[in-house]
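K.L.:
Each chain is listed here by its residues.
There are 2 protein chains.
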Amino acid sequence: MSTDDTTTTEASTESNCGAKTDGGTATAEASTDTSTGSACGAPSSGSESSSSSCGASSTDEEEEVGATVDDFDADPGQLVAVGLGPGQPEGMTSRATAALSAVDHIVGYTTYVELLPDEITDDAEDIYDTPMCGEVSRTEEAIDRALAGNDVAIIGSGDPNVYALAGLALEIIESKGATASALDFEVVPGVPAAQSCAARVGAPLVNDTVSVSLSDHLTDMPTIESRLHAVAKEGFTISIYNPWSRKRRENFEKCCEILLEHRAPDTPVGIVHGAGREDEQTEIVELGELEALGETDLIDMTTTVLVGNEETYVWDGRMVTPRGYETKYDY
Amino acid sequence: MSTDDTTTTEASTESNCGAKTDGGTATAEASTDTSTGSACGAPSSGSESSSSSCGASSTDEEEEVGATVDDFDADPGQLVAVGLGPGQPEGMTSRATAALSAVDHIVGYTTYVELLPDEITDDAEDIYDTPMCGEVSRTEEAIDRALAGNDVAIIGSGDPNVYALAGLALEIIESKGATASALDFEVVPGVPAAQSCAARVGAPLVNDTVSVSLSDHLTDMPTIESRLHAVAKEGFTISIYNPWSRKRRENFEKCCEILLEHRAPDTPVGIVHGAGREDEQTEIVELGELEALGETDLIDMTTTVLVGNEETYVWDGRMVTPRGYETKYDY
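Each protein sequence line maps, in turn, to chains A and B.
Basically the working numbering = 1-based index in the first sequence + 44.
Basically the working numbering = 1-based index in the second sequence + 44.
Keep in mind the hints are simulated off the structure, nothing from the lab.
Even glycine gets a Cβ: it sits at the ideal position worked out from N, Cα and C.
Do not rely on the hints blindly, as some may be mistaken.
[Stated by the list, open to error] Here are the computed distance ranges between Cβ atoms for each label pair:
hint	chain 1	residue 1	chain 2	residue 2	range
1	A	K291	B	I171	35 to 43 Å
2	A	D228	B	E324	47 to 55 Å
3	B	Y357	A	K291	29 to 37 Å
4	A	D117	B	W359	23 to 31 Å
5	A	Q325	B	T340	46 to 54 Å
6	A	E294	B	T267	27 to 35 Å
7	A	D117	B	G361	21 to 29 Å
8	A	T340	B	R290	51 to 59 Å
9	A	D162	B	T340	42 to 50 Å
10	B	D360	A	Q325	40 to 48 Å
11	A	D360	B	K291	34 to 42 Å
12	B	G361	A	D166	32 to 40 Å
13	B	I171	A	P266	51 to 59 Å
Use the sequences and the hints to build the structure in full.
P.N.:
As C-alpha cells, then:
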C-alpha cells in the first residue's frame with residue numbers, strides 16, 4: 045500500500061541521480077536539478093485542484109526532470125519492485141527477503157526502510173530513502189541507479205500492485221527511453237493491506253471484494269463516488285484505502301453517506317489503524333458510527349477500513365462474511 | 045485462493061474426527077459417520093441446482109455431521125488459518141513458516157500440503173490432507189483436532205480471506221458451540237492469487253480493483269452477472285477467480301460477453317495459468333480473444349484472469365494500469 049498523500053511536505057535530496065561516486069561501473073552524465081525546492085519530488089503541473097498537498101509546489105512552471113537512457117553508458121543492472129507486506133519483517137515472504145539480499149541498492153520511503161531487518165540493511169551497498177510524498181523522484185532515482193549499472197530494489201509496504209509503485213516504475217522506465225526487459229524488471233508480490241488487516245478482524249473479505257482509495261489526488265472525486273455507489277449496491281465487501289486526511293475529510297464523509305444509502309447502519313465495519321506499527325489499533329464498529337470516527341485518531345492515512353456486505357455479521361469479536369457454504373452443507 | 049469446485053469427487057477419509065489414538069490429551073467421544081460415501085465432505089441438502097459436482101451426493105437425505113464442543117473434555121489447543129501465498133515455499137511469509145512450525149497438526153488440501161517445505165512436514169506430529177472438494181469436512185477435522193487439545197494449522201494457497209477458509213472455520217466453530225476465543229483462532233495472511241499473478245504480468249492492478257469468482261457453486265449466477273456489469277462500467281480492474289470448468293463453461297462465456305458490453309475488444313487481459321506450478325503459463329491477450337481461449341488448456345480452475353480498465357496498456361510485454369501520476373507529474 046502506498047499512502048499517496050500527506051500533510052508533511054519535506055523531501056530529502058541527499059542523492060538524486062544515478063551517478064554514484066562509489067559505484068565503480070556507474071557513469072551517468074546527467075544530474076537532476078534539485079534546486080527548485082519542490083516538496084514532493086516533482087513540480088506542480090499547475091493544474092492541481094485537489095486538496096492534497098502532494099505534488100503541489102509554489103510555482104506553476106513545468107520542468108522536465110530526470111536523465112534518459114542515453115545519459116548512461118553502463119550495462120544496466122536489474123530493477124525489482126518488492127512488496128514488504130504488513131509492516132513487520134515477519135510479514136515478508138522468503139522471496140522478498142532473498143530479493144533484497146541480492147541487490148546493491150535499496151530505495152524506499154524512510155518509514156519502510158526503517159522496518160527492514162538489520163541483516164538486509166547492513167548488507168546493502170547503499171540505501172536511498174526519502175520521506176512520504178517523494179514517490180515519483182524516489183522511483184526515478186531507483187531507475188537511474190539501475191540504468192547506471194546497479195542492481196536496485198524499490199520497496200513499499202503491502203504489494204507493488206496495490207496503490208503502489210509497480211506501474212509508476214514502468215511508466216518512468218518508458219519515459220526515459222529504456223525498456224523493462226533491459227532492466228530485467230521484476231515484481232515481487234507482498235501481502236496487501238486489505239488482507240493483512242482482514243486477518244486481524246477475522247474473515248470479513250472471503251467473498252467477492254473490492255478496494256477503493258478515497259484519495260482524490262490521482263483519481264477525481266466524482267469517479268470515486270460513482271465507484272462506491274456501484275459496488276455498495278452489489279454486495280461486495282469493500283476495503284477503503286487512504287480513508288482520511290485533514291485536507292480531505294469531506295471525502296470520508298461523502299463515502300460514509302454513500303455506503304449508508306445502500307447498506308444498513310448496523311453493517312459491521314472493521315477498522316485497522318497502523319497495522320504492524322506500535323500504535324496499531326483494531327476495532328469492529330457499525331457503519332452508522334463510521335463518519336463520527338473520522339474525527340478521532342482511529343482513522344487517518346495509516347488506517348484501512350473494511351466494510352462488510354449485507355450478510356456480514358460479528359461473532360465472538362470477529363467479523364464473518366459467509367462464503368455461502370451454509371447454503372449447501374450442514375454443519 | 046480456494047478453487048471451490050472440480051470435476052473430481054474422491055475424498056479421503058483416513059481420519060475424520062478429533063479423536064486421536066496417539067494424542068495423549070485427546071479424549072473426544074464422538075466420531076463422524078463416514079459411511080455415506082459422500083464425495084465432497086458433506087451430503088447434499090437436496091437443493092443443489094448448479095452444475096458443479098461439489099457438495100452433491102447421490103442422496104437427498106440431510107445429515108448432521110460432526111462433534112460439538114461438549115464431545116471434547118480436553119483443554120482446547122489453538123487453531124490458526126495460514127495462507128501459503130503463491131504456490132511455492134518462497135512465497136510464504138516468515139510468519140506463516142513460524143506458525144506451521146509451531147503447531148502439532150497440519151490440515152489441508154493434498155496439493156498444498158505437498159508444496160510445504162520438508163522441514164515443516166517432517167516436524168509436524170500429524171498431517172491430514174484430502175483431495176479437492178473436501179473443504180467442509182477438512183475444516184471440521186481441523187477444528188475437532190484443536191478442540192481435542194492439539195495446536196492445529198489449516199492451510200490454503202493465497203490468503204485465508206480470499207475465497208478461502210477463514211470464514212468457514214469461524215462458522216463451523218460457532219456451529220459446534222465453541223468459540224473462536226477458546227481456540228485462540230488466528231488468521232495468518234498470505235499473498236493472494238490476484239497479486240501474485242499481477243506481479244507476473246507487470247502492473248495491471250495498481251488502481252481501484254475488484255475480484256469476482258465465476259463459480260456459481262456458492263453464489264448464484266444472476267448475482268455474479270450483476271456484479272460484473274456494475275464494476276465493468278466503473279473503471280475497476282477485475283481479477284477473475286475460478287474462471288472455467290467443464291461443467292460451467294457458460295459462466296465464462298457470459299462473463300466475456302458482459303465485459304465486452306462495457307470495454308473495448310482491445311482491452312488488455314492478463315492470464316496466469318497454474319501460478320507457481322510446473323505447468324505455469326502466462327499470457328497477455330485482448331479482451332476480444334478471451335472467450336475463445338476458454339476452450340484451450342490456458343484457462344481452467346487454476347487460472348486467474350486479470351482484466352485491465354480503459355486506461356490499461358501493454359508495453360514491453362507488461363500490462364500497465366496507470367495510477368494517475370502522469371496527470372500530476374512530468375516524467
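K.L.:
Of all the hints numbered above, which does this structure not satisfy? Sort the numbers upward.
P.N.:
Failing hints, ascending: 1 and 2.
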